[in-house]
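Throw the hints in and build the complete structure from the sequences for me.
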Amino acid sequence: MTAQNVWNDIVTIRRTSPVVHNITNYVVMNTTANALLALGASPVMAHADGEVEDMVGIASALVINIGTLSDPWIASMKKAMTAAHRRNVPVVLDPVGAGATALRTRTVHELLNTAPVAIIRGNASEIRALRITGAGTKGVDSTDSSDSAFDAARQLAILHHCVVSVSGEKDLVVSETRFTRVLNGHPMMPRVTGLGCTAAALTGAFAAVNPDRFDAAVHGMAVMGIAGEIAAEKAAGPGTLQLHFLDSLYGLTEADIRYRIRVDET
Amino acid sequence: MTAQNVWNDIVTIRRTSPVVHNITNYVVMNTTANALLALGASPVMAHADGEVEDMVGIASALVINIGTLSDPWIASMKKAMTAAHRRNVPVVLDPVGAGATALRTRTVHELLNTAPVAIIRGNASEIRALRITGAGTKGVDSTDSSDSAFDAARQLAILHHCVVSVSGEKDLVVSETRFTRVLNGHPMMPRVTGLGCTAAALTGAFAAVNPDRFDAAVHGMAVMGIAGEIAAEKAAGPGTLQLHFLDSLYGLTEADIRYRIRVDET
Amino acid sequence: MTAQNVWNDIVTIRRTSPVVHNITNYVVMNTTANALLALGASPVMAHADGEVEDMVGIASALVINIGTLSDPWIASMKKAMTAAHRRNVPVVLDPVGAGATALRTRTVHELLNTAPVAIIRGNASEIRALRITGAGTKGVDSTDSSDSAFDAARQLAILHHCVVSVSGEKDLVVSETRFTRVLNGHPMMPRVTGLGCTAAALTGAFAAVNPDRFDAAVHGMAVMGIAGEIAAEKAAGPGTLQLHFLDSLYGLTEADIRYRIRVDET
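Protein chains in written order, with the numbering used here: chain A, 17 to 282; chain B, 17 to 282; chain C, 17 to 282.
Hints listed in this document are in silico derivations from the structure and should not be mistaken for laboratory results. Model, not experiment: these values are computed from the prediction. Treat the hints with care, since some could be wrong.
For identical chains, the list gives no copy identity; a pair is met inside one copy or between any two copies.
[To be verified] Keeping only pairs whose Cα atoms sit at most 25 Å apart, straight-line, the calculated SDA-like set for lysine to any residue is:
no., residue 1, residue 2
1, K186, T130
2, K250, I277
3, K95, V27
4, K94, P206
5, K94, V27
6, K250, L127
7, K95, H177
8, K186, D70
9, K250, L175
10, K186, T32
11, K250, D263
12, K186, T269
13, K186, R31
14, K94, G66
15, K94, D163
16, K95, M204
17, K250, S76
This is how it looks when you write it as C-alpha cells:
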C-alpha cells in the first residue's frame, strides 16, 4: 500500500512539476536542484529579502536549510516562512549542524517560533540537539542511529505540531501519534556531501503534492533510499554514486518502488 | 560555412584561453567554471565591490547571471558592466527567472540601462517577461518554445542594440536585422540544472574571441547543443549527462561540428 | 619511508574523521566537501561571524580559501584564524587568484599578518604574486612551473615561519630549511575547476593528524596526485575525471601509495 502511494506521488510530481522554493546552503545548491529536477519537480533557489515572498507565491513547497548561515539569510528565511504560512505552503526545515554551534541551534529554535513547519528533517545528532535539554554534535555529519533521537523527535513533533524525519542507517519518521522506520539506503550514501540536504528537498517535493505530511516524509525518505541503493549497485565510490543517484531518481519505475521498498510500520 | 567558423572559434579559444569573468549564481558556479575550462577558456568568478573592476580589466568577456540575486551583488554587477563598457569588453547577460519575481525583472531592466550588453541569453519565458508589456513565468525553468519569444527578442534587440539568444528545443538567435535557429540539443538537457547558465558562459567565451556578436551567440548555442547530443548518447540519465557533457566539450573535434551542426538560417 | 608515512596518515584520517573547517569559495564548496569525505575526514563549511569561533573549537584544522571574497567573509576569516591560533588548530591558506586583483593580494597579506598559518598552498603565479616585490598573474589558473616560484616560496616560508606548497606539473613544498618535489599528478587535472582548492583542503586533513607541517603538505600533494593519476586512467575527459577522482580517494590502498608515489627529496 505504501509502495502504491509512493508511486502515485512520483507520478503526480512528474506530471505537475511542482515548484519547490529552496533557501539552502552553498555546498548543496547544485546537487539539490539536480535531484529535484531528476525527480520531476521544478526547483528555484532565491534568498534575497526583496523576492522571497514573491517566490513563495509561485511555490508549492518551501525548503529551509541552515547549512551555511548568515544574518541576512536568516532574515530571509523568516520572511519566506511567514509568507508560506500565510499562503498555506508546506515548509520543510533542515537543521544542518544544529548543536555544532550556538548560532545554529538558536536559529533553528527562532525559525520554529516564526511560523509553523510541516516537517523537520535532520540526522540523529541534529534532532537530539534540538531537545529543550540540549545535546552535543560533532560537525555536521552523524553516525548515530536514528533511534537515539526518538525521544527528541517525539518532543519536537508535539511541541511544534509537525512531523520529524530522522535520517540514518534506518530512517525514522515521527509525528505526535505515529512513527515509521524506512530501511532503504546504502552505507556509502553518507560519504557524499549533502545527501541529507537532498532528502529534505525531495521531502519538500512530496509535501508539495501530498497533503498528508507524515506520508510525504516517509515517501521522501523511501525514494532517497531506493535511488541510493540502485545507484550503489553501479558505483565504484562516492563520486560515481552521486551521479548514478541522479540517474536512478530520474529513471525510477513502479517496479523499483514495489520490489525494493522496506518500510517498518510496526 | 558556419561549421568552419564555429571550429575556428573553438581553436582560438583553446589556443588563447580567454579569461571569462563571471558574476553568476551559487547554483551553477562550479559547473559553469568546469564548462569554460573544458572548452578551453579560463574562468574567473569574482563579485566583490573591491575587485570587480580589476577583474574586468584582465577579462576578454563578462558574463552576468542573476540566478541568486542580492543587493550587494546587483551593485557589483552594475560596477562590472560599467567597467566592461569603458574597456570594450563584451557583456553577456543571463536574466535567470525574469518574470518570476518583480525583483528579477526590475533588476534586468536596471542592468540593461546601466551599460550596453552584447548578448542577452535566456529561455523563452524569461525573454517574454522582458517585453515592455510584460508576461508571466513559472519558476526558472521554461518549456515554452523559443519561437513564442520571437517578438520579445526582436523588441529587446532593437531597444538595446544587442543580440538576443533564446534557448529551447530549438534555439533562436535574433538581432535587430537577422535571426537564426539552432536545432542541436537533446531533450534531457533541461533536466540538468544550470545548462542554460552554461550556455550563457560559453556564449561569453565565443564573444571573447569573435567580434561578431551574432555569430558568437550562434556558435555558443551550437556548441552547447552538439556537446549535449554527444553526451546524451552515453548518458543513462541527467546525472551522467552532466559529466559526459564536460567530456564532450573537452573532446570536440572538427568532424563533430561539421557532421552534427544543424543551423537554420532561413 | 614517505609512502609508509602517507599511508599511516590516511589510516589515521579514516579512523578518526578529523573535522576540517573550511571558509572557502562558492565554486568549490561541494567538490571540496566531497573530497574530504572521500578521504575519510569530516568537512564543515561555516562563515558566519556568529559561529566561526565555535566551529574552530570543534575542528582539527582550518582551511581558508579566498576564491570568492567579500568584506564580511574577510572579517570572518580573520576571526576564525585568530581563534585557531588561540586553540592551536593548524591553518592552511589558499591564496586563490593572488596577483589577479589588488584586493586579493592585499587580503592575503592581511590574513598572514592576522595570525600564523601552518601552510600556504597556491599555484606558482599566486605564490610569486605574494613576494614583497610583487608579480603579475593571469586570472586564477596558472601554467607556470612550480620551480619559478621557489624564491618567492622560500621568502614567504621564512617571513611567516610556515610551509609553502606550490602546485604545478611538479609540486614543490618549501619550508625555511627544507624542500621536496612531488611528481605525481596528471595533465588533465588543471582542466577540472577547484582541484587546487581541493589540494588545500586535503592538506588541511593531513595537517589535522600530522603535527609535522612539512610532511602534512607533502602528503596532501602526493595523495592528490596519486588519486588524480588513478582517476585519469579511467576518465574520458575532465567531467568524468572529477568523479573518478573522488572514487579513487575513497578507495586508496597502501599498494596505490607504495607503488605510485614519486617524491624527489633531492
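Could you tell me which of the hints above the structure violates, numbers in ascending order?
-> 1, 3, 4, 5, 6, 8, 9, 15, 16, 17
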